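2 protein chains.
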Amino acid sequence: MKIPAPKYTRDFYPEEMRRREWIEAAWVDASRAAGFLPWDGPIFETLELYKRKSGNEIVEQLFNLASKGSQELAVRPEMTPSLARMIANRQASLPRPIKWYTIGRMCRYERGQRGRLREFWQWNVDLLGVDGPIADAEVMSVAVDGLERLGLTADDVALRINSRSLLSALLTSLGIAPDQHARVYGVTDKKGKVAQPELEKLYAQIGLSQETLTQILDLMNSQSIDDVRSFASRRSDEQVAKEIAKLEELFSHLASLEKGPYCQFDIGIVRGLAYYTGPVFEIFDRKGELRAVCGGGRYDQLMETMGGQAMPACGFGMGDVVLGELLNERKLAPPSDSPLDYYLIPMGDERLADVLSLTQRFRKGGKKVDYSPKAGNLSKMLKKASETGVKSVILVGGEEWTRGQVKIRDMQSREEREVSITDLV
Amino acid sequence: MKIPAPKYTRDFYPEEMRRREWIEAAWVDASRAAGFLPWDGPIFETLELYKRKSGNEIVEQLFNLASKGSQELAVRPEMTPSLARMIANRQASLPRPIKWYTIGRMCRYERGQRGRLREFWQWNVDLLGVDGPIADAEVMSVAVDGLERLGLTADDVALRINSRSLLSALLTSLGIAPDQHARVYGVTDKKGKVAQPELEKLYAQIGLSQETLTQILDLMNSQSIDDVRSFASRRSDEQVAKEIAKLEELFSHLASLEKGPYCQFDIGIVRGLAYYTGPVFEIFDRKGELRAVCGGGRYDQLMETMGGQAMPACGFGMGDVVLGELLNERKLAPPSDSPLDYYLIPMGDERLADVLSLTQRFRKGGKKVDYSPKAGNLSKMLKKASETGVKSVILVGGEEWTRGQVKIRDMQSREEREVSITDLV
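Those protein sequences? They're chains C and W, same order as listed. Heads up: the first sequence is residues 230 to 654, going by our numbering. Heads up: the second sequence is residues 230 to 654, going by our numbering.
These are computed hints drawn from the structure, not numbers from a lab. Since the structure is predicted, the reported quantities are computational estimates derived from the model, not experimental observations. Warning: the hint list may mix true and false statements.
You can't tell identical chains apart in this list, so a pair holds if it fits in one copy or across any two.
[Stated by the list, open to error] Distance condition first, Cα-Cα at most 20 Å in a straight line; then the derived EDC-like pairs of lysine to aspartate or glutamate:
(1) 516 <-> 554
(2) 612 <-> 639
(3) 471 <-> 529
(4) 636 <-> 570
(5) 596 <-> 583
(6) 596 <-> 570
This is chain C alone, in the form it adopts within the complex:
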């Protein structure tokens, strides 16, 4: 009786693996090109770590480990808590800025649905120790570089940017108390996901004055930074002006980094997570059919929350599931590649030892080589070879062998030529 795979997970056969490696290579290359260094943490962490960052609600989403020792543990649902823990442990000695990336699997106990699985791969890029819009621009630019290396362009995806600190300044300028901001963000997070009347109802439920409510709805109609500026111009507020200037500086840096065509201001981007403190962003497919491909932002208070010293920080996470759907839809796939350079065939069992010895010399020389484990019917062996996708087959034996030569057969043209072994290896 066969045993099923766990629900909402994936098996990676070599074909699926080729695709996963293609995506990971793009992520690695984009990270390294920008001078980010790799890091990794354990696959499980203490429950305490996840609660510290996200509160008790996170526990429902976790795959907890059945208790065996003194530590309560859970499989990692994200990397940021591990990042903060590891940086806190060596904060004094790590050279600044800290530019780190990691690619790895995460698990969340979720209902399986489109774009959501219980195990997925995520690329994380974080920059700590640099304040100001240039750091935000750097991580956003790397996120887009990762997508460009997979063949996506500004026609396919948009980088939607907002600023939590700008929103906060705007809400304060409207007289909304700081302790109510979270509720406004909570509703704003639903913008574009629920219909406008529903959204207005949700804002109304917060319990703001009718005048404030009207202003918020007006603010939420902003389509550009200019709209926000003209909204703000009705009441002069230094903090709002400062935040607008910072956001404009961010857009300007992104333009210098050739990301202009991707960028959109979007007042509806607030990111669900509570810990963002500055610019926030998400990358979406332009058709708007999928969930966000990527999300991130500035989180200047996290290091303190997690037991470290205060440190400016920003970063993003990009998962492989929604991205995989987008790549499928755009018919983007890894370039075809033969897994073998040569396939060796012994012309008689007495040549098997020579095949093995030649194979080993080729492999040492950097070639990818396989061989037929026994002699036999040549056309059957050639068929076997062609199934591997190899381009050249080497026939070892016959009277050429006595002359120190082998026949190389081009599997496409079916042409054969004789080559001396010493030239070949």
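Dock chain W against chain C, hints included.
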């Protein structure tokens, strides 16, 4: 307050990551050179899968997931069950032979001690669909290739080989019933780990006749295949002769694959796991100070046990913990490598946009590039640059800039030269 890491796990800061990536690259290269294709399964599987392969005893060693849905799940302690499950699910359609490798993390709930952690990385190489010693030679050769690519030689490690089918034929020829073989293997597995008198006591406890016991102790003194042959010559047994011939063929193939200097016959290698059916092997450091670096063998009955069709199969697993200790001891480490090609410095804040634009052009062209996020004191910025290990710093600005040129500074020689931007990008 800082939060500790889970017990007996490791944090990979960029420095440790460089080492892990070096090991993984050697494993990947050795696998691909021999035409093995990558695969992967989920990080957790159903408890049923692990019990099917290893019985109920395995459960103690597992990190079980706290029950949330209808499936009982556990974090993977090894890859072979996932391999068998995935092959069983597509057995009819997968091209033969199946040559697969995987590298990934595993977790076992164990006491932390030297060479044993609760999370480790393991390289698995498996060859299914080919019978006979040539397949065993192929996987053993790839294991050694993986070590050679890290700088280890036959002076550092030995490949100790035995055959469960030879042992079984020998025990049968001594009149030991098949249902007692497992107990003999169980004791033999302790050879070299406990003192000789202790070992003899354990054999005696099996309950064999005094004559058989004497013969077993005699057999276990064999130092070579020739010793086994002369032991066997006292009673002519066709099956034993056949198994000796197969083992000799294996050694001969390994010699053709340039692995002769590594190979040792070792009658004490039986591998604890019950599922091996033919040749078995372990790789040890020659000094004998560490646990086995690698272990594997032939497991022809596993596919049936796991719900598939019968299929010849062999493979190995190599973990990163003992290997890491061995590499440390031999002072083998990854070659040093600068994470950056260029570090750009703006000579004045008005050049920052140019620095970003140049940076992006370099990165797109395949260079690894970082920059100073603001202008300032040049010697401070040069110090920052030199901390990154970069070889060349590019100074953007000054009167060269107006001529379309930049200064490149060699960080070792401290020499500067002017280059035109168009030539550079």
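Numbers of unmet hints, in rising order = none
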